[in-house]
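K.L.:
In UniProt numbering, the protein residues as written are 1 to 193.
Hints are computed from structural coordinates only; laboratory data are not their basis. Just to be clear, a hint being listed does not mean it is correct.
[Stated by the list, open to error] With a straight-line cut-off of 16 angstroms between C-alpha atoms, the simulated EDC-like cross-links for lysine to aspartate or glutamate are:
no.	residue 1	residue 2
1	LYS193	ASP76
2	LYS118	GLU73
3	LYS193	GLU29
4	LYS161	ASP76
5	LYS118	GLU151
6	LYS94	GLU52
7	LYS108	GLU52
8	LYS94	GLU47
9	LYS184	GLU33
10	LYS94	GLU151
11	LYS161	GLU151
12	LYS184	GLU29
13	LYS118	ASP76
14	LYS94	ASP13
15	LYS16	ASP42
16	LYS94	ASP42
17	LYS193	GLU33
18	LYS118	ASP104
19	LYS108	GLU98
Source: prediction; values computed, not measured.
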Amino acid sequence: MARSILLVNGHPDPSKERFCHALCNAYQEGAHEGGNAVARVDIGALEFAFLENAQAFVTPPPVDIAAVQAMLERADHMVLVHPLWLGTLPARTKAFLEHLARNDFLVKTEVKGMWPAKRMRGKSARIVMTMGMPGFAYNIFYRAHSLKALEAGIFQMAGFKPVQHTIFGAIDFSAESRQRMLAKMRALGRAGK
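Produce the entire structure from the sequences given, and follow the hints as far as they go.
P.N.:
Shown next, in the form of structure tokens:
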């Protein structure tokens, strides 16, 4: 069954030389081959500032982010591709997600005495993380701490289910390993996962 997918290139650098960009291209190509519809966002090309206080969360987002919210409303699956920087996602990527949550878009927080209402129920998600270290080292030694926080603290809290992930470690190891990573992304896109 064809899916409607929001693909987010979460690398803050808009350069097409970044491996996250190539991974997104491979996913998008595979998704089209599989008959899936893809809306793509490259956060490096968006204009937004960092949020500075809690009141900003209850106000409408900038125009660029409001357009992304509309894309996500129409999608039934979201894919976020981002690099691991200093043990977590880049600050601009986190800021993008904070803006995406504005105006009760991801969770409705006005319900008193209850857990926030999950606004993304019925949607699934995949987080794709790239890193220079081997993926097994991130899993074993660091226990994938930032990935778990992102999955639980944003995606699951918003109601995405299931939330799956793909870790591409040692991305600079060899051209052959990069080709395998790109092939895997193309296959994920084709399957709409």
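K.L.:
In ascending order, which of the hints set out earlier in this document are inconsistent with the structure?
P.N.:
The structure breaks only hint 7.
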